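Asks: What follows is each chain in one-letter form.
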Amino acid sequence: MNVIGNRVIYLVISAVLVVASLGVMVVKGFNFGVDFTGGSLLERGLPGAVSVPEVQEALAAPELSQYELGGSVIQPLEGAVEGQTVILIRTKAFEDQGPIAAIDEALEARFGEVSVRRTEVVGPVIGQELVRQAILALLIAGAGILVYITFRFEYRFGIAGVISLVQAVLITLGVVSLLGREINSPFVAAILTVVGYAINDTIVIFDRIRENLQIRRREPLMELVNVSIRQSLSRSINTGLTTLFVLVALYVFGGSSIKDFTLTLIVGVVVGAFSSIFVASPLLYVLRSIGEGREPARTAASSK
Amino acid sequence: MPLRRGTGLRLLGLLALAACAALVLYLQPLRYGLDLQGGVHVVMQVDESYTAPVTREVMERTKAVIDRRVNALGVAEPIVQLSGDRRVIVELPGVHDQQTAIDTIGKTALLEFKDPNGTTVFTGAELRNATLSSDQFGRPAVAIQLNDHGARLFADLTGRYSLTRQPLPIVLDGEVLVAPVPEGTIVGGEAIITGQFTTEEARQLAILLQSGSLPVPLSVMEIRNVGPTLGQESIDSSLRAGIAGVVLVLLFMLFYYRLPGGVADVALAMYVLMLFALLVGLRATLTLPGVAGLILSVGMAVDANIIIFERVKEELRSGKRLRASIDAGWKRAFVAIFDSNLTTLIAAAVLFYFGTGPVRGFAVTLSLGILLSMFTAIVVTRTLLRAVVDRNPERFVRYFGVKEAA
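Quick note, the sequences are listed as chains A and B, same order. Throughout the first sequence, residue numbering follows our numbering, covering 1 to 304 in sequence. Throughout the second sequence, residue numbering follows our numbering, covering 1001 to 1406 in sequence.
Pulled out of the complex, with its shape left as it was, chain B reads as follows (with noise of 0.2 angstroms):
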């Protein structure tokens, strides 16, 4: 008998698949974490020409601004801790471009609206959000909302000094971004700040003024690399164990499942693949515990199969045919993979609209693994089985693992 229409083509699709995959992880470099790579060491000082008190609150919303900032540089797996009285120490992975992340971390990032004779009018305290903008040319710019204080205090601003036509400068750190000259008044508090930016500027910016100014001012004190937490003793061991791990699940669906079994395993192998050519083509850092993450999700990725394979099992036991027995089994199993995975799905999403850093981080991980062994499950298991039985589906029956018919 020959394949059902469409497989051939699903079976084309999901080698182009597979190639991609393969492609994007052999074109972008893995990039590891500060445990399997060291990174940079950064030491940070309040300067000493600040003198006023350096109390521990003052330092821990320091330290706060700049978890906010490595944050939203994308930064996986930093380190950021307080050290001594007027320290930060800043460890970031290999970061490809340190010297501008080091550069953003450390900016004070004081934003302020003056009026037209200088005096502050208020800070960016008032920005509700900062978002990466253009202006009507088309050039990058940073878009600000301001909250209801701030957009009262910009209305009053601009109100006043739209009659007399005077400047309005906006000062980052003492420096003047823009001086607009206000139309009239400015009310909702959107505005737009223009420069000669560059979009790479324009962005940081915007990470700047989102994550809030630092309450005091900080100078490098030293940079200097360092090496993984880890040995390569440890990081070898442990992925040879998560390679044994997957090893035994790959041996155990084809003793338990047999044929499908290894169908299955052919559809993990592709799991994993694309897991990986996601995740990397996310930029996503890899720690050692994430690896073992990864490692574990292929442990309950099989959930699927194994969910899909005892129907199928059922239904021949039942009396059907190999090939009806495989289509019911796969109709019966999907409410029970939809619903169990899309409860893990929802939990994951809420995760990350309210978690923070590492949590938002595996948000992600997980979410990409649950709708990857949903498709690997559904759609590649299926596929490849079906080219494998489709044409003789009687003899095949007997590699189902089922004994005979009840």
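Just chain A, with the same shape it has in the complex (with noise of 0.2 angstroms):
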């Protein structure tokens, strides 16, 4: 597997693929759920006893698919009337009042008659605040990681990595924004967790690196790099499938609720584990080749 000597082909295609990710996550944006945008709430008494399924059974009726109302949260309400049960519905916001009779009108069709007991206008759980410190603390994160990355080998590590984590995350979100998702809390949690597991992931390709730069002096650097990968391939390749082995478990028999979540997990870590192989470390041989000739000298990675 020579992957440095292919260096130039990863390099481009990684470079293809975030400005295709900047560009879906521009003409496309981002599909965010009520968490983000606030939306309608709904409270209805419904004869009889009625479970949460059964309420959003209904709510999938054909009727209703045009509205697309798959990331309506229902919840039961305690205190009802005497022999009816009320739920409160959280769902889109919409510009008039029809899909809100639908609703009504396919609940009515199930379950007979609705009391409208209250629906309101709600705002974002998630405000503009939240989102705007969570990217923040990231971006300093990031300078964190480019500092101790730094300290413990050395700049041109801290740069192909930090660089590498970015643009695993730009892909992330560009097929994120791609397959059209809708994203909600956990999604933040979900982004946060790619980052650590590429950045993990790339560290310790990187310290294999390190460590053969210290013992092998005499060999090309080229040559040099892709044993590096080649020595921690078992170990990327076996990472990643424990990790995929649990999350694809999740995906595929998991509830509704977390598929989401767990499908952005899923090309985060596809991403993060392809990235330290196939762009942090033709990144580094990159870094370390300029300004040195062609055969750089290597004291500064014994100085760990």
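Please note: incorrect hints may appear among the correct ones.
To be verified - Here are the computed distance ranges between Cβ atoms for each label pair:
{"#": "1", "chain 1": "B", "residue 1": "Glu1048", "chain 2": "A", "residue 2": "Gln66", "range": "39 to 45 angstroms"}
{"#": "2", "chain 1": "A", "residue 1": "Phe253", "chain 2": "B", "residue 2": "Ser1133", "range": "49 to 55 angstroms"}
{"#": "3", "chain 1": "B", "residue 1": "Val1247", "chain 2": "A", "residue 2": "Pro53", "range": "25 to 31 angstroms"}
{"#": "4", "chain 1": "B", "residue 1": "Asn1129", "chain 2": "A", "residue 2": "Ile13", "range": "48 to 54 angstroms"}
{"#": "5", "chain 1": "B", "residue 1": "Ala1125", "chain 2": "A", "residue 2": "Lys28", "range": "51 to 57 angstroms"}
{"#": "6", "chain 1": "B", "residue 1": "Tyr1353", "chain 2": "A", "residue 2": "Gln66", "range": "41 to 47 angstroms"}
To be verified - With a Cα cut of at most 20 angstroms, we get these calculated SDA-like pairs of lysine to any residue:
{"#": "7", "chain 1": "B", "residue 1": "Lys1331", "chain 2": "A", "residue 2": "Arg216"}
{"#": "8", "chain 1": "A", "residue 1": "Lys92", "chain 2": "B", "residue 2": "Asp1085"}
{"#": "9", "chain 1": "A", "residue 1": "Lys259", "chain 2": "B", "residue 2": "Asp1236"}
{"#": "10", "chain 1": "A", "residue 1": "Lys259", "chain 2": "B", "residue 2": "Asp1085"}
{"#": "11", "chain 1": "B", "residue 1": "Lys1331", "chain 2": "A", "residue 2": "Ser234"}
{"#": "12", "chain 1": "A", "residue 1": "Lys259", "chain 2": "B", "residue 2": "Arg1240"}
{"#": "13", "chain 1": "B", "residue 1": "Lys1320", "chain 2": "A", "residue 2": "Ile215"}
These aren't lab readings, by the way, just hints derived from the structure by calculation. In this text the structure is predicted, and so the values were computed from the model without any measurement. The beta-carbon is built from N, C-alpha and C at its ideal position, and this holds for glycine as well.
Using the hints, put the two standalone chains together into the complex.
Replies: Right, dumping it as structure tokens:
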């Protein structure tokens, strides 16, 4: 496996994917769920005993499909009138009363007479403030990572690692945007997990490169980086696999409520694992080759 | 060959740790989030008596203050959202002290520093910080730190009335908390508010002052219990999926790494046990995505084991004997594990320090997972492996999944 020999191909692919991701994000944007956008809150009384899944089924009726109510959250409310089940439906914001009337009709068709107790427009749970702070925190975290890697390795490892991390996150966001999956509160945690996974994965390969820089001083840098990737390959594959086992199981067999969350993680873990090998390592090679002639001196790495 | 010195002791220590974790899980009830267990649904509305116009901006500020209070109360995964023009909906998962929580959230908490004539000189808006403290007699109190502007006003105020020895009332929502007589000019803007507080009351007050006062008075319109947003079926299927995923990981380790893989499986079981115990001990609230995250962390926690075992295999292939290979493998793998995990830990620490609400909660869980996974791989797996292998190393080489050394 000659990753470094083919570095130009990999770096170009990565750059194209990043540009494409940015393009998709700009053009298509994100399908923000009610946690971000706010929406409608409906409180309805239904006759008899009704369960949450039954209401979900009613909302999945074909005549409602045009309103895309899949992300609706339904809760039973206590303290009801005798013989009634009161439910709260949190759903999207609508331009007019049409969809809400349609929901009421669907409920009535399924459960019988519906008593309208409350219909309100509600604001977002996750405000812009939280998103702004999360992004700011991520940027500072990136700076922290850069400083630590520079301290433990050297600055070029840090730059390569952080660039690779940023592109992994951008591509993950691009895929999520492309798939049009709904984004709600857990998404923030999913992206943060991807950041943690991707940087962790990269450092393990960098560690091998650092070690080899010390013990294989005669070897050309290209060969050395290739060998380091090869040596850590079974670890990269196995760790990726065990993580994916869990995620795929959760995605395939888990409830619908965590599907969007796990899908984001699956994409992020795959992208993160590939970037460590095909982006971080080639970038490091390029950075170390620049300005050091054909055969870079390796003094820097021995000062760990 | 007998066990190496200390291995037996370490085994005992690990057993004791596992027992402690199990005990915590047994004694401390788990807290579940709104999605798993439901909670309480509170609707608050701007007081009828408040006649000034209520703009969108005022309501946004109200929400921000409530967000801060809910966070400070340590309620995880709440819902706070504006509803209509004058209402706020707050949903809290099954907090044990709901009434106190609701009272705290709905308080206006307007703090006023007055002169002896009852004129307000400045308000809690000039606070930089408020923390739980105690006065010189050890009674619960709230220590406040004013910002520069407030500190100047406070120095003026105390300077002016210290000669006449007139009391200066500090008022919360129209009620005089304390009316101390200034002994002299107080510069620096630090003060302690004492009163007839219990520790709990002082803590609540500190939270209220720290999060700022509500721009409009709110009154509670209704409080009702809500059920979980997820049906039992959905919860069950997700848990089954998680267990299936973890079993796959355990089987993979066993088949790929053989004996050490099996040992790692035992260590991973301990990881899950300790992580849950720690989270429960820290009173974390479990939500379904949170549980999915924990299950995912198992997949990631094997990483350290994998790094070590790959190294041990390399050492074995190079012709070293088993015990030497294990020692060398651990030593070499340690640097990689240390640096990769510390990098992630630094990111988590930054997220905790600069993040808010859910981001902070995530950072705590992530850090615990990282530290525990390092501990299980470096200490638990190694101790267990030694206990198994040390008696007769050469007998066990073939269970390490390495083909004959080249």
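Asks: Does each hint fit the structure? Answer for all of them.
Replies: Consistency of the hints with the structure:
Against the hinted window of 39 to 45 angstroms, the Cβ-Cβ separation of glutamate 1048 of chain B and glutamine 66 of chain A comes to about 41 angstroms, which satisfies the hint. For the pair phenylalanine 253 of chain A and serine 1133 of chain B, the supplied restraint of 49 to 55 angstroms holds, since their beta-carbon distance comes to about 52 angstroms. The supplied range of 25 to 31 angstroms is met by valine 1247 of chain B and proline 53 of chain A, whose beta-carbon atoms lie about 27 angstroms from each other. Separated by about 51 angstroms at the C-beta atoms, asparagine 1129 of chain B and isoleucine 13 of chain A satisfy the suggested range of 48 to 54 angstroms.
Remark: the range hint 51 to 57 angstroms for alanine 1125 of chain B to lysine 28 of chain A is contradicted by a beta-carbon distance near 43 angstroms. Our hint of 41 to 47 angstroms for tyrosine 1353 of chain B and glutamine 66 of chain A holds, since their Cβ atoms are close to 46 angstroms apart. Taking the CA atoms of lysine 1331 of chain B and arginine 216 of chain A, the gap is about 19 angstroms. The hint holds against a cut of 20 angstroms. With a CA separation close to 18 angstroms, the supplied pair lysine 92 of chain A and aspartate 1085 of chain B stays within the 20 angstroms bound.
Only pairs whose Cα atoms come within 20 angstroms are accepted, and lysine 259 of chain A paired with aspartate 1236 of chain B is accepted, the gap being roughly 14 angstroms. In summary, the hint linking lysine 259 of chain A to aspartate 1085 of chain B is not supported, as the alpha carbons are separated by about 34 angstroms, beyond the 20 angstroms threshold. Between the alpha carbons of lysine 1331 of chain B and serine 234 of chain A the distance comes to roughly 19 angstroms, so the proposed pair stays at or under 20 angstroms and holds. Restraint check: the Cα-Cα separation between lysine 259 of chain A and arginine 1240 of chain B comes to about 14 angstroms, which is no more than 20 angstroms; the hinted pair holds.
Annotation: proposed proximity of lysine 1320 of chain B to isoleucine 215 of chain A holds, straight-line Cα distance about 19 angstroms (limit 20 angstroms).
Hints 5, 10 from the earlier list are contradicted by this structure; the remaining hints agree with it.
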